[in-house]
Amino acid sequence: MFIEILSKFGVDWPHFIAQLVLFLIVYFVLNKYAFAPLLKILEERRKRIEEGQLNAEKIKMQLAEAELRYQEVLRKANDDAHHLVEESRKNNEAFSQREMERAMKESAAIVERARHEITSERNRMVDEVKREMVSLVVRTTAQVAGKILSPEDQKRLSEEASKELSS
Amino acid sequence: MPFPHILIASAELSAETPEFLTNSFLSWLTNSILVTALVLGGIVWMVRSCTRKIELIPGSGQNFLEALVEGFYGAVEGILGDKMTKRSFGLLGTLFIFILISNWFGLLPGVGSIGWGVKDGFLSLSTLQTPLLRPGTADMNMTIAMSVVSMVLWFYWTMQVTGPVAFIKELFGVKGGMTGPILFLLVPLFLFVGVLEVVSILVRPVSLSLRLYGNIFAGENMLATMINIGHLFHCPQWLTSVLSCIVPVPFYFLELLIGFLQAMVFTLLVLVYLQLSTTHEEH
Numbered sequence: 001m002f003i004e005i006l007s008k009f010g011v012d013w014p015h016f017i018a019q020l021v022l023f024l025i026v027y028f029v030l031n032k033y034a035f036a037p038l039l040k041i042l043e044e045r046r047k048r049i050e051e052g053q054l055n056a057e058k059i060k061m062q063l064a065e066a067e068l069r070y071q072e073v074l075r076k077a078n079d080d081a082h083h084l085v086e087e088s089r090k091n092n093e094a095f096s097q098r099e100m101e102r103a104m105k106e107s108a109a110i111v112e113r114a115r116h117e118i119t120s121e122r123n124r125m126v127d128e129v130k131r132e133m134v135s136l137v138v139r140t141t142a143q144v145a146g147k148i149l150s151p152e153d154q155k156r157l158s159e160e161a162s163k164e165l166s167s
Numbered sequence: 001m002p003f004p005h006i007l008i009a010s011a012e013l014s015a016e017t018p019e020f021l022t023n024s025f026l027s028w029l030t031n032s033i034l035v036t037a038l039v040l041g042g043i044v045w046m047v048r049s050c051t052r053k054i055e056l057i058p059g060s061g062q063n064f065l066e067a068l069v070e071g072f073y074g075a076v077e078g079i080l081g082d083k084m085t086k087r088s089f090g091l092l093g094t095l096f097i098f099i100l101i102s103n104w105f106g107l108l109p110g111v112g113s114i115g116w117g118v119k120d121g122f123l124s125l126s127t128l129q130t131p132l133l134r135p136g137t138a139d140m141n142m143t144i145a146m147s148v149v150s151m152v153l154w155f156y157w158t159m160q161v162t163g164p165v166a167f168i169k170e171l172f173g174v175k176g177g178m179t180g181p182i183l184f185l186l187v188p189l190f191l192f193v194g195v196l197e198v199v200s201i202l203v204r205p206v207s208l209s210l211r212l213y214g215n216i217f218a219g220e221n222m223l224a225t226m227i228n229i230g231h232l233f234h235c236p237q238w239l240t241s242v243l244s245c246i247v248p249v250p251f252y253f254l255e256l257l258i259g260f261l262q263a264m265v266f267t268l269l270v271l272v273y274l275q276l277s278t279t280h281e282e283h
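These protein sequence lines are chains Y and L, in that order. For the first sequence, the working numbering begins at 1 and goes up steadily by one. For the second sequence, the working numbering begins at 1 and goes up steadily by one.
Fair warning: there could be bad hints in the mix.
Stated by the list, open to error - Capping the alpha-carbon separation at 16 Å, the derived lysine to aspartate or glutamate pairs in EDC-like fashion look like this:
1) Lys53(L) - Glu66(L)
2) Lys76(Y) - Glu86(Y)
3) Lys32(Y) - Glu66(L)
4) Lys86(L) - Glu55(L)
5) Lys130(Y) - Glu164(Y)
6) Lys86(L) - Glu70(L)
7) Lys163(Y) - Glu132(Y)
8) Lys105(Y) - Glu197(L)
9) Lys130(Y) - Glu160(Y)
10) Lys40(Y) - Glu66(L)
11) Lys90(Y) - Asp80(Y)
12) Lys47(Y) - Glu197(L)
13) Lys175(L) - Glu197(L)
14) Lys155(Y) - Glu132(Y)
15) Lys40(Y) - Glu197(L)
16) Lys130(Y) - Glu159(Y)
17) Lys40(Y) - Glu70(L)
18) Lys83(L) - Glu43(Y)
19) Lys40(Y) - Glu55(L)
20) Lys163(Y) - Glu117(Y)
21) Lys163(Y) - Glu106(Y)
22) Lys86(L) - Glu112(Y)
To be verified - Under 8 Å between C-beta atoms, here's a sample of chain Y residues computed to sit facing chain L:
23) Gly10
24) Leu20
25) Val26
26) Tyr27
27) Tyr33
28) Pro37
29) Leu39
30) Glu44
31) Arg45
32) Ile49
33) Gln53
34) Leu157
35) Ala161
36) Leu165
Think of the hints as simulated: they come from the structure by calculation, not from any bench. For every residue, glycine included, the Cβ atom is placed at its ideal position computed from N, Cα and C.
Build the full structure now, drawing on both the sequences and the hints.
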């Protein structure tokens, strides 16, 4: 009865088998040439995206680590530089101090030496003036007295003139 | 109650059909088999042109197919789970795409409206008896073939996943974790429920095929009637021509929707049958 009803709807074995074969061909074609390769490529893409995300995460972490290292290096460099500057400033101050002291000592020595030279020059000049004055006194006395003075007179007159000039 | 004339015409070639189609080696070739072959050719062409050079960065054709497959795969995976989806996606995807294209093929101009029948002037028929082209889903041979393939694969996959013992236990076993004397009272009841379940499983291919065939064939008939509405009311020729262009338009939109819905319903029912018989093993 069921077959009879189906036959009233035009169902028969040859046409049923023909349609069955056609449907199975569609199933085969879509499965083999559409779904399988597309699902494979979708899976591959999904994996790549996952890998990309993992890599991005890794790169982000590495970047953060590098940033930390960079900050650490920068901080250390700053400290070193600060330390160097401080040290050089201290060295500079000590050097300046030393140089200043040395310069002051040298200048004091120069002043002392100049003073000494001035004193000795003055003494030498005073002695020379004295000698000139004594000689002048002797010559003047000889001209005034109109006679030639003996060596004893000359010696006595020189000593007296020297005493007078010294006082 | 006798079947409408057009139904008879769809089932067997009428006397108006040319002799070369009825009494030759082409007698196996019906209008629906021809359309199914055309749809098959269209699908092969589309698939090959879109997936000839599959690349990680897709072109427009590959992109379209990928979007279709990915969306549908996600929906199926949400219901069936990963394991069963990998097995059954080929069948479910094929059912949906093939039924949809076949249904919508029936809406192309000339399909179901050009053919052989009672002549009514030059290139005009008063009654179309044998259309030249008819969608495959409006032929019950095709809907039964799809139902049979679906149910055979459903049975095969169910046996693979659950095994025959668990399958029979699921059908006839007492549910609810009952123990003790009440279990013996419930055994006949659940045996009866199991028999009903077996009957419902046996009826599935019939219901699947009749639902699809009925909807699409009814739609074809309705469109043919709307196209011939002028003839039915004995209108003048010019008015018949105008009416045959205007009246079917809203029904074409309705049939577009029905074509999509029927493809969805057929596929979802097979999906649900698979889900009912296999997913309890997956969880």
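Going through the hints against the structure:
1. Lys53(L) - Glu66(L): Holds, at roughly 13 Å.
2. Lys76(Y) - Glu86(Y): With a Cα-Cα distance of about 15 Å, the restraint between Lys76(Y) and Glu86(Y) holds, given a limit of 16 Å.
3. Lys32(Y) - Glu66(L): holds (15 Å)
4. Lys86(L) - Glu55(L): violated (22 Å)
5. Lys130(Y) - Glu164(Y): holds (10 Å)
6. Lys86(L) - Glu70(L): holds (13 Å)
7. Lys163(Y) - Glu132(Y): This hinted pair holds, its Cα atoms lying about 14 Å apart.
8. Lys105(Y) - Glu197(L): The hint is violated at about 123 Å.
9. Lys130(Y) - Glu160(Y): holds (12 Å)
10. Lys40(Y) - Glu66(L): Holds, because 11 Å separates the two Cα atoms, which is no more than 16 Å.
11. Lys90(Y) - Asp80(Y): Distance ~15 Å between Lys90(Y) and Asp80(Y) Cα, so the pair holds.
12. Lys47(Y) - Glu197(L): violated (43 Å)
13. Lys175(L) - Glu197(L): holds (14 Å)
14. Lys155(Y) - Glu132(Y): Distance of about 14 Å is within 16 Å: holds.
15. Lys40(Y) - Glu197(L): Violated, because 38 Å separates the two Cα atoms, which is more than 16 Å.
16. Lys130(Y) - Glu159(Y): With a Cα-Cα distance of about 11 Å, the restraint between Lys130(Y) and Glu159(Y) holds, given a limit of 16 Å.
17. Lys40(Y) - Glu70(L): holds (11 Å)
18. Lys83(L) - Glu43(Y): holds (15 Å)
19. Lys40(Y) - Glu55(L): holds (11 Å)
20. Lys163(Y) - Glu117(Y): violated (26 Å)
21. Lys163(Y) - Glu106(Y): violated (40 Å)
22. Lys86(L) - Glu112(Y): It is violated: about 111 Å lies between the C-alpha atoms, which goes past 16 Å.
23. Gly10: holds (3 Å)
24. Leu20: holds (4 Å)
25. Val26: Where the cut-off is 8 Å and the nearest Cβ of chain L is about 5 Å from Val26(Y), the hint holds.
26. Tyr27: This hint holds: Tyr27(Y) lies near chain L, its Cβ roughly 5 Å from the closest one there, short of 8 Å.
27. Tyr33: Nearest chain L Cβ about 5 Å off; hint holds.
28. Pro37: Holds. Min distance 5 Å.
29. Leu39: holds (7 Å)
30. Glu44: holds (7 Å)
31. Arg45: holds (6 Å)
32. Ile49: Since the shortest Cβ distance to chain L is 11 Å, the answer is violated.
33. Gln53: Because about 16 Å separates Gln53(Y) from the closest Cβ in chain L, which is outside the 8 Å limit, the hint is violated.
34. Leu157: violated (132 Å)
35. Ala161: violated (127 Å)
36. Leu165: violated (122 Å)
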